[in-house]
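Trainee: Spelled out, the chains give:
Protein chains: 2
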Amino acid sequence: MTEEPKQEKIHLFTPGPTPIPEQVLRRMAEPIIHHRSEEFHTIFKRVNTNLQYLFRTTQPVITLASSGTGGMEATFVNLFSPGDKIISVNNGKFGERWVSMPKAFGLNVIELRYEWGDAPTPEDISKALQKHPDAKAVYLVHCETSTGTYTDVHSISKVVHSQSSALVCVDGVCSVGGMELRFDDWELDACVTSSQKGLMVPPGLAFIALSNRAVDVMKYSKIPKYYFDLNKALESYQKNDTPWTPAITLIQGLDASLEMIKDEGIESRWHNHTMRAREVRNGVTLLGMKLFSRYPSDAVTTVMMPVNIESKRFHELLRKKYSIYFAKGQGEFVDKIFRVAHIGYHDKRDITIALEALKKVVTESVT
Amino acid sequence: MTEEPKQEKIHLFTPGPTPIPEQVLRRMAEPIIHHRSEEFHTIFKRVNTNLQYLFRTTQPVITLASSGTGGMEATFVNLFSPGDKIISVNNGKFGERWVSMPKAFGLNVIELRYEWGDAPTPEDISKALQKHPDAKAVYLVHCETSTGTYTDVHSISKVVHSQSSALVCVDGVCSVGGMELRFDDWELDACVTSSQKGLMVPPGLAFIALSNRAVDVMKYSKIPKYYFDLNKALESYQKNDTPWTPAITLIQGLDASLEMIKDEGIESRWHNHTMRAREVRNGVTLLGMKLFSRYPSDAVTTVMMPVNIESKRFHELLRKKYSIYFAKGQGEFVDKIFRVAHIGYHDKRDITIALEALKKVVTESVT
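Top line first, the protein sequences correspond to chains A and B.
Following numbering that gives the first Met the number 0, the residues of the first sequence are numbered contiguously, the last one being 366.
Following numbering that gives the first Met the number 0, the residues of the second sequence are numbered contiguously, the last one being 366.
One chain only, chain A, in its complex shape:
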């Protein structure tokens, strides 16, 4: 591996954006089409069907022109009314956001706070629901991007439905398309993801799978909304249309990526992600490094920064010498951990490259 100072190939292992397949880039580079046309409706119909395949659901999946944060906002402003009580798990930067965001809209948020790298158990949620039987929803982060931490959404969903009528709402931004998630079987009520992680499309699209129960509930929401009004979005969705101008080229790219996901098969894809994640965890452990998260996800691996190198120098070396892009930590862990994303368009060879570069950087700075 020699230095190639100019026009290097970028090897992205960042948790969004993830690398974009050539097939997707090509589709997005085609001449643009008008969105109020048969051509677009045909594409969007196929996309909508494939999104259901992705989420393992027969219920609607809405597409919005926004980031994942906009998608999450859409759940809060459509499913509740001011004063409604919800339970929200905060075990990282995104969980933190799903506490402050609903508060901004006047919800009564019961925050379940965890150390970064930790995750809620079904028992924790059960106790919280006993204490707050009037909670209208439980919010969970399937994979907390800031810490690479996995939450057992399936088991928690069972507990929630067994003892309350609360909705189960999931931030699946960093998991859908990579980690096992079965919207219908797990009886989820809302699950949000975005285009730039497991879906291998540039950022700019958010997706919300909704249960029929959620669709019913959202008729009664009293929070002011317009752009993110899911009743309007759902009405257009039934006609393979959107209420506002959709992000056409991103949807064309999505069409290509969903076909790739279907070709791979969603269950094979989950399996392949699990294998790659194991390889990364084994690799860093063999290098004598310590995993940060107590519940490592199969989408992002977080690793304690080795003591012999500073964070800034570490990332600089990786980028300049090996053209490898990992992510820093976030919040107070910004320089204490580093993050290796392996969700999306990666294969075994990419993992080898990443581990090889990591080994060299760590070894170099030892000597």
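Errors might be hidden in some of the hints.
If several chains are the same, the list does not tell them apart, and a pair holds so long as it fits within one copy or across any two.
[Stated by the list, open to error] Straight-line alpha carbon distances no greater than 25 Å define the calculated SDA-like cross-link-like pairs of lysine to any residue that follow:
no.	residue 1	residue 2
1	K319	S36
2	K218	A103
3	K221	S80
4	K311	P242
5	K8	D240
6	K157	D215
7	K102	N230
8	K335	F39
9	K320	P30
10	K218	S99
11	K8	R348
12	K359	R312
13	K218	Q237
14	K320	S36
15	K92	R35
16	K102	S235
17	K238	S99
18	K231	A103
19	K320	N281
20	K320	I42
21	K92	I32
22	K84	K221
23	K327	P30
24	K347	I32
25	K311	I32
26	K231	F39
27	K102	V214
28	K92	H40
29	K335	M304
Derived from the structure by calculation, the hints contain no laboratory data.
Every value quoted in this text rests on a predicted model; they were computed, and no experiment measured them.
Given chain A, put chain B in place with the hints provided.
Mentor: Coordinates of chain B only, in the frame set by chain A:
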């Protein structure tokens, strides 16, 4: 011009999306970069400077990942509080939206309603302000996409500032980048546009130019918001950053398109749009057709559907035989008018193609 049934080149004359230049397609097809990186900050800094050039302003221009409708929502939810009175001009489908949207957020909306194709005069606005001296803003649509109607924003802004302290807020979605608009000289307070019209980029980005007065006012807004919180956006903007994941590839495409606009020169660009618009208006008039709007804009020309042909057949012929895409009307005028957009990436030759096809379709259906 012969029939080419397969893989035809699409000639788009739709008012968004407009054709995307090859330079922009190419930039968007480059390998994706991470947004929390020097590479991205460098691009976004240049983009932000060029957006100021575009709007003719030295004040901030915020970029959002949303459609233009999201950008307009950001103005309502950031500049006002529930119960605030605003005057909103409704002279078409978009004006209609800028009445219903602020109502959804609890504003007291004084609707100035006009026939489609008509536009407000400075005197109308002056009278409305005399009647409602407590109005906190006047909302205008610079070019009403549904009718191709031009509103004299400059003269109206003068009137507003001469007799009140109301903010002047402008829907510039269908005008910015094509029609003359001088944010600072005209003393506008908020002006929204989106990526897919004058900016020649696919849909998915909204832009909001804000006056320092607007920036000050938005500190006091009491409407709940999060994704569209412009205070958060402005804080990130100062660091050439965004609070949420930006639509990276669209911003890269925008970087290319803004360089093209700078190369053309914004004033030449306005002039070229005016010339093309004249050519279209002259052309359809010479064909014996009647313009729909009383105040035709230089971005979109709306024409009464000829009596000898049905709307459906008209558009089908144009598309299938000549590969020309005009737009239907909207609302009650869906089949009564047709719309020819000439904003964005067009040149004289394109106008010739459009008029030629139009002539043939009209002549054919006469015989």
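Trainee: Does each hint fit the structure? Answer for all of them.
Mentor: To see whether the hints hold, each was checked on the structure:
no.	hint	verdict
1	K319 <-> S36	between (46 Å within a copy, 13 Å between copies)
2	K218 <-> A103	both (21 Å within a copy, 15 Å between copies)
3	K221 <-> S80	both (5 Å within a copy, 17 Å between copies)
4	K311 <-> P242	between (45 Å within a copy, 22 Å between copies)
5	K8 <-> D240	between (38 Å within a copy, 24 Å between copies)
6	K157 <-> D215	within (21 Å within a copy, 49 Å between copies)
7	K102 <-> N230	both (22 Å within a copy, 17 Å between copies)
8	K335 <-> F39	between (47 Å within a copy, 24 Å between copies)
9	K320 <-> P30	between (37 Å within a copy, 19 Å between copies)
10	K218 <-> S99	both (24 Å within a copy, 18 Å between copies)
11	K8 <-> R348	within (15 Å within a copy, 39 Å between copies)
12	K359 <-> R312	within (13 Å within a copy, 67 Å between copies)
13	K218 <-> Q237	within (16 Å within a copy, 39 Å between copies)
14	K320 <-> S36	between (48 Å within a copy, 16 Å between copies)
15	K92 <-> R35	between (38 Å within a copy, 15 Å between copies)
16	K102 <-> S235	between (29 Å within a copy, 22 Å between copies)
17	K238 <-> S99	between (35 Å within a copy, 23 Å between copies)
18	K231 <-> A103	both (23 Å within a copy, 13 Å between copies)
19	K320 <-> N281	within (24 Å within a copy, 61 Å between copies)
20	K320 <-> I42	between (42 Å within a copy, 23 Å between copies)
21	K92 <-> I32	between (38 Å within a copy, 22 Å between copies)
22	K84 <-> K221	both (14 Å within a copy, 21 Å between copies)
23	K327 <-> P30	between (37 Å within a copy, 21 Å between copies)
24	K347 <-> I32	between (36 Å within a copy, 21 Å between copies)
25	K311 <-> I32	between (44 Å within a copy, 19 Å between copies)
26	K231 <-> F39	within (19 Å within a copy, 34 Å between copies)
27	K102 <-> V214	both (22 Å within a copy, 24 Å between copies)
28	K92 <-> H40	between (37 Å within a copy, 22 Å between copies)
29	K335 <-> M304	within (5 Å within a copy, 67 Å between copies)
Checked against the numbered hints listed earlier, the structure breaks none of them; every hint is satisfied.
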